[in-house]
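*Asks:* So the sequences go chain by chain: A and B.
Each residue of the first sequence is one higher than the one before, starting from 977 at the first, in my numbering.
Each residue of the second sequence is one higher than the one before, starting from 977 at the first, in my numbering.
It is possible that part of the hints are untrue.
Treat identical chains as interchangeable: a pair holds within one or across any two.
[What the hints assert, rightly or not] Computed cross-link-like contacts, DMTMM-like style, restricted to lysine to aspartate or glutamate with a CA-CA straight-line distance of at most 25 Å: (1) Lys1005 with Asp1335; (2) Lys1005 with Asp1294; (3) Lys1007 with Asp1294; (4) Lys980 with Asp1193.
These are calculated hints, taken from the structure and not from any lab test.
There are 2 protein chains.
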Amino acid sequence: MEVKIKFVASGNVTSPRGFSAGATYVGIKRKAKDVLDLGILLSKAPCTATGLFTTNRIKAAPVVLSQQRLRAGKASAVVVNSGCANAFTGAQGLTDAAEMVELAAKKLRVSPEDVLAASTGVIGQHLPMKLIKAGIKKVVVSRDGGHELARAMMTTDTVPKEAAVAVKVDDIKFTIGGVTKGAGMIHPDLATLLCFLTTDAAVGIDFLKFALRKATDVSFDMISVDGDTSPSDMVIIMANGLAGNKPISHGSREADAFQQALSQLCVYLAKCVVRDGEGATKLVEVTVSGALSAAEARLAARTIISSPLVKAAFHGADPNWGRIVAAVGRSGVEIVESKIDLRIGNLCVVKAGCPLSFDKQELISTLRSDEVVINLKLNLGIGAATAWGCDLSEEYVTINSQYLT
Amino acid sequence: MEVKIKFVASGNVTSPRGFSAGATYVGIKRKAKDVLDLGILLSKAPCTATGLFTTNRIKAAPVVLSQQRLRAGKASAVVVNSGCANAFTGAQGLTDAAEMVELAAKKLRVSPEDVLAASTGVIGQHLPMKLIKAGIKKVVVSRDGGHELARAMMTTDTVPKEAAVAVKVDDIKFTIGGVTKGAGMIHPDLATLLCFLTTDAAVGIDFLKFALRKATDVSFDMISVDGDTSPSDMVIIMANGLAGNKPISHGSREADAFQQALSQLCVYLAKCVVRDGEGATKLVEVTVSGALSAAEARLAARTIISSPLVKAAFHGADPNWGRIVAAVGRSGVEIVESKIDLRIGNLCVVKAGCPLSFDKQELISTLRSDEVVINLKLNLGIGAATAWGCDLSEEYVTINSQYLT
Chain A
977 MEVKIKFVAS GNVTSPRGFS AGATYVGIKR KAKDVLDLGI LLSKAPCTAT GLFTTNRIKA
1037 APVVLSQQRL RAGKASAVVV NSGCANAFTG AQGLTDAAEM VELAAKKLRV SPEDVLAAST
1097 GVIGQHLPMK LIKAGIKKVV VSRDGGHELA RAMMTTDTVP KEAAVAVKVD DIKFTIGGVT
1157 KGAGMIHPDL ATLLCFLTTD AAVGIDFLKF ALRKATDVSF DMISVDGDTS PSDMVIIMAN
1217 GLAGNKPISH GSREADAFQQ ALSQLCVYLA KCVVRDGEGA TKLVEVTVSG ALSAAEARLA
1277 ARTIISSPLV KAAFHGADPN WGRIVAAVGR SGVEIVESKI DLRIGNLCVV KAGCPLSFDK
1337 QELISTLRSD EVVINLKLNL GIGAATAWGC DLSEEYVTIN SQYLT
Chain B
977 MEVKIKFVAS GNVTSPRGFS AGATYVGIKR KAKDVLDLGI LLSKAPCTAT GLFTTNRIKA
1037 APVVLSQQRL RAGKASAVVV NSGCANAFTG AQGLTDAAEM VELAAKKLRV SPEDVLAAST
1097 GVIGQHLPMK LIKAGIKKVV VSRDGGHELA RAMMTTDTVP KEAAVAVKVD DIKFTIGGVT
1157 KGAGMIHPDL ATLLCFLTTD AAVGIDFLKF ALRKATDVSF DMISVDGDTS PSDMVIIMAN
1217 GLAGNKPISH GSREADAFQQ ALSQLCVYLA KCVVRDGEGA TKLVEVTVSG ALSAAEARLA
1277 ARTIISSPLV KAAFHGADPN WGRIVAAVGR SGVEIVESKI DLRIGNLCVV KAGCPLSFDK
1337 QELISTLRSD EVVINLKLNL GIGAATAWGC DLSEEYVTIN SQYLT
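Construct the entire structure; sequences and hints are all you get.
*Replies:* In structure tokens:
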């Protein structure tokens, strides 16, 4: 009996059996070399499917549509565009999302009821349906199309974000693939940006829902680029069962392996998002332990990675660690100043609430790395959590002050 | 019978009778032309006094000390330094704050029990007590010293922030003065940055507490520069009674006039803080009305002015108004998308949830002004609130990525 989980080389959303994808440029985004703005993901077999959606009360039309479709717990395709979020677009937006799905369904020869929609980009603008209608016909889905789909979802992302993990549990083998996008308005709250996950494992709907929630809890829900939660956030998982296993349900070895693999994949993808956050030059990992509860540890870790002052200091490798304790102080979690330990990289800067003398140059070098690891111990209980963020750079401001102009 | 409230030309914290102030450079901040870093505010008569303090659970030593002192409801002086916050400095920090107060008390020949302390600057560093000990002797307080005090409190502020209002109610005349500082780690939460308010009115302690809370509710609590609440926040008011009036208490005409004047002064000072926010190039005023409650309106307005994406768009005069509705959507307040009206300056961009077509160039010009006014109507109830913020510029990042280096 054995469980093996490993990342697939160049793996992506079409790595699991039976999934294909493709993309094209229809003209929503500004024209540029190799730019893509419309993609389709398809499973040749019907999938058990579920999703998690933004908690923003402004919900983009494709969020509303996909939530409705997923009530039945199944799906076989997703159509996605970038450049326009189809958010805050009223009744017209819903009509447009439904039409986009109809067009994709016709093209793919599947029922529109089995097609989900996702859009990302500017809020408050209508989808250019003429362009979509003309362009959608050009999409060719194939087993190799996962990477194209990843590119078609990008907005301010500088790199596509995708991966897959292969899982072997005893004699059952399955794969989970995923694709996601960033890079701004990233502060998922019980949901996430856009992420599509695929697997050839057969998975019962109840366990699939549970596993997705658990995986996003430790991954997408623990990242922030800028503290703004998007109206377009969604993470969708589709399981087509082509691995031929007995559907995975709670409490089995397969369930444990599936959960572990899915969580690893989601953490990997979530870290891709923050590493490529708008203007980001480094990844910051913050682990808070010794909190009164896991919820308090999560809140503290998220507050630290969201603080503009902490993020700006990381950007300049400024050894201003006082901002980290100030952020945890305002997070609302229980703390006792005299019990706090703080470590940045391998350097202990605070022990039992006392600032230690340390080599300032060493701290600056630590802060200059591509990845900075912070460990904050509150020493009050056993709650622990890890969150990932990025630095705040001048470029973030430049990108976001000229988004439309 | 008449009530007159007017701002005093070049008014400041020493405009009310009996208050004097002074400042010096002791060497905590980097040396520069005309730099000051230690100041003293003194009333020649004992004051009824109260204060509001940061809700950050990391409380700077002078916050702890001043909170204790104010339990008795009285004070006659404040000693303040900039360049070092004396925050997260443990027992030594408390000893240092007490010593700073002792030194000031000796110099001023008042009881140390009547002296408050405030510090602002870097967190996690001890006060350089030798410098303070040597320097405090040099402070000369005078009736003209209010402006020097304002300068001594500055950190990344580019201008001192001070004002005074003269009030006449029937035949009673009194003045309220104030001084405050920004310019980063500004997101007051049931308290504020550093602000000292003075008045020569005689005011009963109960009403003084009530009036201060009410004034900060609509002023300092409604501003944000960067979403980070400082461990050093405090607003203190001292009333020395030299106007000779009968102490003001609840329910009188004098109380109404005092409240109105104090609130106006605090709103003025709070707007000074955001206008001079780190890297800020403009003031943004957001009024949310039609919310289910005043609390919801406050939350929505504060969320909008705190959104990095909204702020960056304002910086570049980018007409990306979708970010405003996205921010209110994630704020947690009750909204119905199809009821929302949004106006930027004189331009209506959303009516009943529908994006309107408008002159994009006109919106861009509106966004280019020094002051941008946003009106968001939720059309659900009667809750309303106004908040003030600033834009997010590349310079904010530059300032905060090089604070210590």
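*Asks:* For every hint, state whether the structure bears it out.
*Replies:* Hint-by-hint comparison with the structure:
In this homomeric assembly, Lys1005 and Asp1335 come within 25 Å of each other (Cα to Cα) only across copies, at 22 Å, whereas the closest approach inside a single copy is 48 Å. With identical chains, the CA atoms of Lys1005 and Asp1294 are at most 25 Å apart between copies only, with a shortest distance of 17 Å across copies and 37 Å within one. Taking CA atoms no more than 25 Å apart as the test, Lys1007 paired with Asp1294 passes between copies only; the shortest distance there is 20 Å, against 39 Å inside one copy. Taking the shortest Cα distances, Lys980 and Asp1193 sit within 25 Å of each other inside one copy (23 Å), while across copies they are farther apart (58 Å).
Of the numbered hints given earlier, the model fails none.
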